[in-house]
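**Student:** Residue-level listing of the chains:
Number of protein chains: 2
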Amino acid sequence: MQNDHLQEPTLKSETIYAGKVVKLQVDTVQLPNGHQAIREIVRHPGAVAILAITDNGKVLLVRQFRKSCGRSLVEIPAGKLEKGEQPFDSAKRELMEETGYTASEWKHLHSMFTSPGFADEVIHLFLARGLRKGKQSLDQDEFLDLMEVDLAEAERLLAANEVADAKTITALYWWMKERAQAGPRA
Amino acid sequence: MQNDHLQEPTLKSETIYAGKVVKLQVDTVQLPNGHQAIREIVRHPGAVAILAITDNGKVLLVRQFRKSCGRSLVEIPAGKLEKGEQPFDSAKRELMEETGYTASEWKHLHSMFTSPGFADEVIHLFLARGLRKGKQSLDQDEFLDLMEVDLAEAERLLAANEVADAKTITALYWWMKERAQAGPRA
Numbered sequence: 445m446q447n448d449h450l451q452e453p454t455l456k457s458e459t460i461y462a463g464k465v466v467k468l469q470v471d472t473v474q475l476p477n478g479h480q481a482i483r484e485i486v487r488h489p490g491a492v493a494i495l496a497i498t499d500n501g502k503v504l505l506v507r508q509f510r511k512s513c514g515r516s517l518v519e520i521p522a523g524k525l526e527k528g529e530q531p532f533d534s535a536k537r538e539l540m541e542e543t544g545y546t547a548s549e550w551k552h553l554h555s556m557f558t559s560p561g562f563a564d565e566v567i568h569l570f571l572a573r574g575l576r577k578g579k580q581s582l583d584q585d586e587f588l589d590l591m592e593v594d595l596a597e598a599e600r601l602l603a604a605n606e607v608a609d610a611k612t613i614t615a616l617y618w619w620m621k622e623r624a625q626a627g628p629r630a
Numbered sequence: 445m446q447n448d449h450l451q452e453p454t455l456k457s458e459t460i461y462a463g464k465v466v467k468l469q470v471d472t473v474q475l476p477n478g479h480q481a482i483r484e485i486v487r488h489p490g491a492v493a494i495l496a497i498t499d500n501g502k503v504l505l506v507r508q509f510r511k512s513c514g515r516s517l518v519e520i521p522a523g524k525l526e527k528g529e530q531p532f533d534s535a536k537r538e539l540m541e542e543t544g545y546t547a548s549e550w551k552h553l554h555s556m557f558t559s560p561g562f563a564d565e566v567i568h569l570f571l572a573r574g575l576r577k578g579k580q581s582l583d584q585d586e587f588l589d590l591m592e593v594d595l596a597e598a599e600r601l602l603a604a605n606e607v608a609d610a611k612t613i614t615a616l617y618w619w620m621k622e623r624a625q626a627g628p629r630a
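If you're matching them up, the sequences are chains A and B in order. First residue of the first sequence? That's 445 in my numbering, and the numbers climb one at a time after it. First residue of the second sequence? That's 445 in my numbering, and the numbers climb one at a time after it.
Any given hint could turn out to be false.
Identical chains share a label here; the pair holds if one copy fits it or two copies do between them.
[Stated by the list, open to error] DSS-like mimics (lysine-lysine), calculated; alpha carbons at most 25 Å apart, straight line: (1) K502 with K577; (2) K551 with K524; (3) K579 with K536; (4) K456 with K467; (5) K551 with K464; (6) K467 with K577; (7) K579 with K551.
Simulated from the structure, these hints should not be mistaken for laboratory data.
One chain only, chain A, in its complex shape (with noise of 0.2 Å):
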């Protein structure tokens, strides 16, 4: 392998708490030097999030309440993967679920590590267009408020802060990147 200089074998690992959503582990591990280290380690089922642009250029996007925040957050649709669900199969249910709509094209653009530095948490991030209202559906227990809002107000939310969720800059600075890529007429 490429970077087996940078790895760092497992001499110990001890699960402290498994729970609904997330999994905490503790691993001691050896490094490149020989030294030992502990690497505390959030083990997470994984998530989509979804780039949802209409056909007249508005994207969609939710403000939900975010516990671990203490705030809402404005996002992109998203949500956790279900038990041996598929990327995609799970991207078309939270756009559905979030917001009503359907999308007949779909494309993948990235699955990412959100947190790389103590987390496994990959959020897969779909492009969706072709897009068709339906009735939104939301969990018992989910509560969110649904926004369309198009490229200027999107670049006006990003410059003021107003956006601080990471998966929502991503894909904002995508499309803001393709609508420039394709000139001034995109």
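Fit chain B to the supplied structure of chain A, relying on the hints for placement.
**Tutor:** Frame of chain A, contents of chain B only:
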């Protein structure tokens, strides 16, 4: 407050683990519909990341092994905030330690929640220009490979899914957007 209807008051909070880097707590909250729910929350000290661009248009990347992900990742320079440390001081320190570079021009781009579903980690993303090469000074137990890539190579790495770190994808799309908006001569 604007989004009172989305709040989740805490009914009970239990600390499961307090480690070197993360703390795990499990909160019982009250939902807007009166139901109760469990929130597993990882507390993290926060981190900085630096999009550092050399005078000849190359971005600094580091490859390091990430135990939580079980593989090495290509990332922009980054690191955890030390106790009491301000994000900007941390960014200057991490850039110097991981790459050996200092920068004369700094700009704060975003402070973003990386995993709002289960963690409070915030990454403060900075742009650094006016780079001057000094001497890399890694922590004793830190191991990484330094790379410098131009915009075309960065685009290739993204398109080939060879960059799997979310903050790095965010930063590279920001850079591509800026360059595209500045026109073909930028």
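**Student:** Compare the structure with each hint and give your call.
**Tutor:** Results for each hint:
no., hint, verdict
1, K502 with K577, "within (13 Å within a copy, 43 Å between copies)"
2, K551 with K524, "within (19 Å within a copy, 33 Å between copies)"
3, K579 with K536, "within (13 Å within a copy, 49 Å between copies)"
4, K456 with K467, "both (16 Å within a copy, 20 Å between copies)"
5, K551 with K464, "neither (30 Å within a copy, 39 Å between copies)"
6, K467 with K577, "neither (37 Å within a copy, 42 Å between copies)"
7, K579 with K551, "within (23 Å within a copy, 43 Å between copies)"
When held up to the earlier numbered hints, the structure conflicts with 5 and 6 and fits the remainder.
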